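Number of protein chains: 2
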Amino acid sequence: MNRLRNTCLKISLGLLVLFLWLLLPLAADEGMWPYNLVPKDYLAKKYNFKVTDEWLNHLRLASIRFGGASASFVSPDGLVLTNHHVGRGAIQNLSTAERNLIKTGFYARTRDEELKCPGVELWVLQEIEDVTDKVLSAEKPGMSPQEVAAARQKVIAEIEKEASEKTGLRCTVVTLYSGGMYNLYKYKTYNDVRLVFAPEEEIAFFGGDPDNFTYPRYDLDIALFRVYENGQPLKTQHYLKWATTGVKEGDLVFCSGNPGSTGRMLTYDQLLFLRDVSYPFTIANYKRRQALLHEYAKKSPEHERIALNTIFGIENSLKATVGYQSGLLDKDLMAKKLAEEQKIRRAIEANPALAKEYGQAWEEIAQAQKEYASFFKPYMFFERAQAFNTVYFNIARTLVRLATEKDKPNDQRLREFREANLAAVRRSLLSPAPIYDDFEIYKLADSLKQLREELPDLMETRWILGGKSCEEVAKELVTGTKLKDLEIRKKYIEGGLEAIYQSDDPMIKLALLVDPISRGLRQRYEKNVEAVEVKNGTLIARALFKLKGTSIPPDATGTLRLSFGVVKGYVENGRKIPYKTDFAGLYERAKKFNFQPPYSLPERYLQRKSALNLKTPLNFVATVDSIGGNSGSPVVNRKGEFVGVLFDGNIQSLPTRFVYEDKISRSVMVDAQGIIEALIKIYDAKSLADELLGRK
Amino acid sequence: MNRLRNTCLKISLGLLVLFLWLLLPLAADEGMWPYNLVPKDYLAKKYNFKVTDEWLNHLRLASIRFGGASASFVSPDGLVLTNHHVGRGAIQNLSTAERNLIKTGFYARTRDEELKCPGVELWVLQEIEDVTDKVLSAEKPGMSPQEVAAARQKVIAEIEKEASEKTGLRCTVVTLYSGGMYNLYKYKTYNDVRLVFAPEEEIAFFGGDPDNFTYPRYDLDIALFRVYENGQPLKTQHYLKWATTGVKEGDLVFCSGNPGSTGRMLTYDQLLFLRDVSYPFTIANYKRRQALLHEYAKKSPEHERIALNTIFGIENSLKATVGYQSGLLDKDLMAKKLAEEQKIRRAIEANPALAKEYGQAWEEIAQAQKEYASFFKPYMFFERAQAFNTVYFNIARTLVRLATEKDKPNDQRLREFREANLAAVRRSLLSPAPIYDDFEIYKLADSLKQLREELPDLMETRWILGGKSCEEVAKELVTGTKLKDLEIRKKYIEGGLEAIYQSDDPMIKLALLVDPISRGLRQRYEKNVEAVEVKNGTLIARALFKLKGTSIPPDATGTLRLSFGVVKGYVENGRKIPYKTDFAGLYERAKKFNFQPPYSLPERYLQRKSALNLKTPLNFVATVDSIGGNSGSPVVNRKGEFVGVLFDGNIQSLPTRFVYEDKISRSVMVDAQGIIEALIKIYDAKSLADELLGRK
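Chains F and L supply the protein sequences, listed in that same order. Its first residue numbered 1, the first sequence is counted upward by one per residue in the working numbering. Its first residue numbered 1, the second sequence is counted upward by one per residue in the working numbering.
No lab work stands behind these hints: they were computed from the structure. This structure is a prediction, so every number in the text was calculated from the model and none was measured. Accuracy of the hints is not assured; some may be wrong.
Unchecked claim - Just a few of them, taken from the derived set where beta-carbon distance is under 8 angstroms, the chain F residues facing chain L:
1) LEU455
2) PRO456
3) MET459
4) GLU498
5) GLN502
6) GLY520
7) GLN523
As the list claims (entries may be wrong) - Once the Cα atoms are required to be at most 25 angstroms apart in a straight line, the calculated PhoX-like pairs of lysine-lysine come out as:
8) LYS468(F) x LYS449(L)
9) LYS527(L) x LYS406(F)
10) LYS527(F) x LYS406(L)
11) LYS527(L) x LYS377(L)
12) LYS406(L) x LYS154(L)
13) LYS491(F) x LYS406(F)
14) LYS468(L) x LYS468(F)
15) LYS154(F) x LYS406(L)
16) LYS475(F) x LYS468(L)
17) LYS377(L) x LYS408(F)
18) LYS406(F) x LYS406(L)
Cβ atoms here follow ideal geometry from the backbone N, Cα and C, with glycine treated the same way.
Work the whole structure out from these sequences, hints included.
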């Protein structure tokens, strides 16, 4: 009797907890919302802002996916604004030893001077279609997680192929809520993209790595491109008008971009995996490469020019990952996550029906983490190509896999080689971006060294390295490959598996050698980890749906999202941080560091200082929810006018990868007014400013 | 005018030559004839022998394909007679260190004692169907040789698959006349085969390698097996009755078996390729392995037991190949082949219509030989697995390729993995034949050494061998693999590509490593050599058809053929060689060599000598056309009665691979009477003799 009463009591307590938890308000302005799930009621209620379809569609069609990041149309003539660090690769690829556009900046005074960027492709989201029912209908009772995953992938491949063929658009199914929802995204793509304007890196990335992910900031982190279609500038009605008045504290603003990934719905065990296995590995790896490339860059200015873009990327990722990890190392944050999860689990366990349906989900995910940890290292080194740090390997592997996959039925291919993605794969293979063999040997030699250090006993390691030094092997591979030549790549694309098998290109042979083990590890990951996570993630999401509907935002997935918040300063260690910075602050900070790198300024900033209105805002912060991938996102006011471009988050924003927070976490923008001021006063780019301001 | 007249004159001369050449009679009793092309008129005319369908069908259904060689049913209870050297592998697999059946021989006095032979499969040809039109209809105008080959392969795969499914038989399309004719062969297969009787190797292979391919011979090269079906001896009406009277000189006899391959229709350039590229390589390789394995066998009696079967095979092949090569090195033979070819070519060139259709065929084949020579060595080492001389590699490669191929559409698979062959592939993979690791390491180490000597600069060679000794590598591979375990093999068969990719078995990894280069070389061979040879071989065959119909026999293709000739002695270097030998001769020859190996005799032959009728014929020769693969072929008289079993050809018969000859070239048989005499007098096997003689 006692035991029974106890149980009853537990259940009542559990339901009570569940009930209370449901009553908790949605955490503030949390959420990077898919365009079809924007919380209109919340915005209406909290901000008295009515989201119309017209407003939403216009912003969506003016938003651009630029590589893994974001951008927007800012003129009716196809002008595109993004961050300098988003366009950095494209700018680097237009540079040579004689013409270092990263260092000098660039401005095309006429359209004829605009520089075509090889390999750059922009995507604009045309339509979202809910295909959840179609995808979920693939699941039949009694299927294993692996079978469910395979069945869903088959349906997804069919949907993508059919939609791509029907619309001519790039169609891809996006998995939301860990598989609780599937949406088909249809993109228009643009391949003729030309550089219009880039400032000097000194001002675009003022403060360098030390100031990255901090605030206050003073960066003109912008670049302007133009989309061409049929050799003419793209005419578009969907572009953002420039705001005539600047933002002020308390203003509601919106951010439209492509946040890469968040982990707010991850279970506690998934967080532990990141904290204890994945991030330590990644961080150590970034640090190693950072040190390595700085050594390389020291050799000469040309070495520095070649390495700098890669160093930039590594340091940016390193700082971000360290920031994410800081959240996971924060005992309070983890305790909060655990408590939240236990609350849900207890509520579910207290109800036998719910317990039966959802109770096992967390434990199964926990088991999958253990399995993942058991092969994480070889998975990173082989399938994720950690061991082969050279673009040549990426090209060779893509050629090898393209040849293998394209002969298979669409739904049985590796995801990245599905019909809907093939055109993009081919274009990426034919990118004429420059490759510097000396640099490739240097990187590859070290990653091979890492392979030898970490997985010395694997047969593949011993085969590749034999008794030789990693430098020797790297040199032989890089000097032996002919993959720099686009015509050769074309021949492999056309020749298919036969050309691949008959190849004596050492890089192709290396890609072939490691393909079986890589695929084996990928299968283990996809079947024993990913499929289990998706299956159980779906269960957890369904449980949450039952409790909350779609009032909780899905985790970021690298696809277009709308977030919102207010322009707002914050208090850090008792010190008040104002919401904006200005040009005056820029000069002060440079002076404080004696104008020494990374606080040096381009010559013209010193010459033109007196021409500037030093009070013009340069950067500002807002509480809009964002994460890596949002770089380049336009930020607009209630009228949908461009008020700034997101380029960073402060260091306190990084742990929001896992838990939303808005007291001290901020997104950092370049202010629209600062952009115009610089273009006119510093760069003599009045016609460009006029185009932005709509003054022709 | 002069030039024109000249041309006319040439044409007339050409046609005249062609005409004369057509009048030449068909060369004597030449031909290993497919059962549907037996030259009945010729037999009727020359031998006054009427071939009835009943006679032919009975002989066909009593004939058996045993591995790559031949056998026949010799009792209504499924008794099968073949050569000891054909059944050698099966007998070896039943042997252990304690029970060496190769050495001691074996006789099952009761059915219970008959020993089941793992992995042995016998085929009996049920039906031949002409599918030439179907296959040739795949060719469309304007196709390249490669496209024609692919189109034909597709049709062939469909035909095989459909017929296999329809009949439940093992159906395979045989290419005759270099692609001039395609026939569908349908086999019934038997997998429960048990050893009934084997003599001691000393008498089965009396004279050993020195006497192999010579005559006079004194060998009891026989072994008897029994086919079971559903656990019971197979009841069959199609078996050969034992001849009650022996053969005598001049008797017409027939041989029904599976000659492997001949090259009588090869062009002169193909012969040059064999003479200058292929045979020198093969002979050197056999010699190397012969010496190597003799070294191994010397280590201990158990080493000898393990190695002897392989040594036997190598020495047999070596002697045969040296014999074939002796033909190609014979200037007269080559001059004759060249003259014949030039005669045809001149005739064709003299006629513009014929010249246009067939004129290029020889030159294109010549070019293909040059191409083949350019990659022959790596092709042998990788695709033909010369570099990996261990059964483990064969198993691993078959597992890897089975997994890869079975996911492909039937017609796109490597030929040996087509639907019709899959059951046999699976059975071969699960053969429990014993494997001796020490022996495998020994063989593999040397073949790796060969690889290092011959192709040291290939990336694959360096990967596999690294800085290590070949012995180390071989040891690591063989001791590391788990493929000896049949359960493990089963798991790979069932697990498919996923199990293969996730495998950490070093032999599987090796097979994966060399698969791309091997497939690349195979593609080069199939497309640039084989397809060109088939296309142009077909053209040449068509030209010959126009001139001669099917009165010329097609080259051997390892399929069932009927040949005929007369029992006949010959003159060698002025010395008359009688058509038969007897037991008396056996003892004389043994004595001449002091009964020392390989002229030693089993103990019981010394003890029972007095019981024997020493005049009983032991071996005899006839002019029947044969080649390797005919071993074990039954030889019958006009009544279709069994008079002997073919087990060899004399050394002069080897060049008939390329040119038929019947003056001194002879096939060598064990005489039916000698078999009975030995069974009764030496082996106390009266009940077995009674079964053969039909006296129950």
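We went through each hint and held it up to the structure:
| no. | hint | result |
| --- | --- | --- |
| 1 | LEU455 | violated, 12 angstroms |
| 2 | PRO456 | violated, 13 angstroms |
| 3 | MET459 | holds, 5 angstroms |
| 4 | GLU498 | holds, 5 angstroms |
| 5 | GLN502 | holds, 4 angstroms |
| 6 | GLY520 | holds, 3 angstroms |
| 7 | GLN523 | holds, 5 angstroms |
| 8 | LYS468(F) x LYS449(L) | holds, 20 angstroms |
| 9 | LYS527(L) x LYS406(F) | holds, 21 angstroms |
| 10 | LYS527(F) x LYS406(L) | holds, 21 angstroms |
| 11 | LYS527(L) x LYS377(L) | holds, 17 angstroms |
| 12 | LYS406(L) x LYS154(L) | holds, 15 angstroms |
| 13 | LYS491(F) x LYS406(F) | holds, 15 angstroms |
| 14 | LYS468(L) x LYS468(F) | holds, 11 angstroms |
| 15 | LYS154(F) x LYS406(L) | holds, 20 angstroms |
| 16 | LYS475(F) x LYS468(L) | holds, 22 angstroms |
| 17 | LYS377(L) x LYS408(F) | violated, 32 angstroms |
| 18 | LYS406(F) x LYS406(L) | holds, 17 angstroms |
Figure legend: structure checked against the earlier numbered hints; hints not met, in rising order: 1, 2, 17.
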